[in-house]
Amino acid sequence: AQSVSQHNHHVILSEAASLELGCNYSYGGTVNLFWYVQYPGQHLQLLLKYFSGDPLVKGIKGFEAEFIKSKFSFNLRKPSVQWSDTAEYFCAVIWGNAGNMLTFGGGTRLMVKP
Amino acid sequence: KAGVTQTPRYLIKTRGQQVTLSCSPISGHRSVSWYQQTPGQGLQFLFEYFSETQRNKGNFPGRFSGRQFSNSRSEMNVSTLELGDSALYLCASSLEGVGPASNIQYFGAGTRLSVL
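If you read the sequences in order, they're chains A and B.
Residue numbering for the first sequence follows this note's numbering, starting at 16 and increasing by one per position.
Residue numbering for the second sequence follows this note's numbering, starting at 55 and increasing by one per position.
If you're looking for bench data, these hints aren't it; they were derived computationally from the structure.
Certain hints may be false.
[Claimed, not checked] Here are a few chain A residues that face chain B, going by a calculated C-beta distance under 10 Å:
{"no.": "1", "residue": "ASN47"}
{"no.": "2", "residue": "ILE109"}
{"no.": "3", "residue": "GLY122"}
[What the hints assert, rightly or not] Which residues of chain B face chain A? A few of them, derived with a C-beta cut under 8 Å, are:
{"no.": "4", "residue": "GLY94"}
{"no.": "5", "residue": "PHE99"}
{"no.": "6", "residue": "SER168"}
[As the list claims (entries may be wrong)] In silico negatives: residues of chain B with every beta carbon more than 10 Å from chain A:
{"no.": "7", "residue": "TYR64"}
{"no.": "8", "residue": "LEU65"}
{"no.": "9", "residue": "TYR89"}
{"no.": "10", "residue": "GLY96"}
{"no.": "11", "residue": "LEU97"}
{"no.": "12", "residue": "GLN98"}
{"no.": "13", "residue": "ASN110"}
{"no.": "14", "residue": "GLY112"}
{"no.": "15", "residue": "ASN125"}
{"no.": "16", "residue": "GLU136"}
{"no.": "17", "residue": "ILE158"}
{"no.": "18", "residue": "GLN159"}
Positions of the beta carbon are idealized from the N, C-alpha and C atoms, including for glycine.
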């Protein structure tokens with residue numbers, strides 16, 4: 016079965032530290048890639064997406080992600096985190112012609128200490 | 055523009071009962087997907103509806119069903135509730151127009167179901 020892996024379940028950083036969250040997906044051809052964020056008490060929001068073209072994509076709030084096809088990876092990065100970035104982050108994939116069927120990774124809980 | 059609206063926000067049911075959850079998509083969106091979120095299993099796809107037809111289905115038992123109406127609103131039903139059905143049920147809608155950007159899914163706040 017196709018799957019998405021997020022290697023870091025919990026990450027604790029101090030403000031201004033750099034962030035990189037890993038995401039790998041199983042092989043399966045054409046993919047559309049997403050990062051969603053869930054702030055405490057709020058609904059899932061789209062951070063950024065990759066469909067095609069430039070493998071380095073920029074999203075909201077200073078986040079970016081790089082698609083590396085050879086590594087089946089789509090890692091999320093932010094140069095300098097803020098306390099307000101405390102949230103749970105989900106990587107998600109839609110394979111080929113799977114309509115809108117998102118397959119999510121297990122999520123990474125990020126805590127940023129002020 | 056209003057977002058995805060899910061009702062009710064909270065539900066408490068007992069084992070063996072059935073429950074119906076409702077989702078109103080963003081105006082103009084034609085695809086509705088449902089997901090289950092639990093601490094143990096994470097976010098799992100239930101099913102997707104487009105033009106009143108189920109287009110994709112996840113790996114859930116037949117007790118989980120759904121439907122979509124002509125106005126794109128959707129309901130999901132869970133029959134013979136089990137303790138393990140306690141979860142946050144999320145609905146997402148997408149435009150389904152031309153181009154990949156139209157397939158971005160926007161999520162509602164969810165319905166939290168507790169089965170006692």
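Verification of the hints:
no.: 1; hint: ASN47; verdict: 6 Å, holds
no.: 2; hint: ILE109; verdict: 8 Å, holds
no.: 3; hint: GLY122; verdict: 6 Å, holds
no.: 4; hint: GLY94; verdict: 10 Å, violated
no.: 5; hint: PHE99; verdict: 5 Å, holds
no.: 6; hint: SER168; verdict: 17 Å, violated
no.: 7; hint: TYR64; verdict: 13 Å, holds
no.: 8; hint: LEU65; verdict: 17 Å, holds
no.: 9; hint: TYR89; verdict: 7 Å, violated
no.: 10; hint: GLY96; verdict: 5 Å, violated
no.: 11; hint: LEU97; verdict: 4 Å, violated
no.: 12; hint: GLN98; verdict: 8 Å, violated
no.: 13; hint: ASN110; verdict: 5 Å, violated
no.: 14; hint: GLY112; verdict: 7 Å, violated
no.: 15; hint: ASN125; verdict: 19 Å, holds
no.: 16; hint: GLU136; verdict: 22 Å, holds
no.: 17; hint: ILE158; verdict: 6 Å, violated
no.: 18; hint: GLN159; verdict: 6 Å, violated
This entry does not satisfy hints 4, 6, 9, 10, 11, 12, 13, 14, 17 and 18, going by the numbered hints stated previously.
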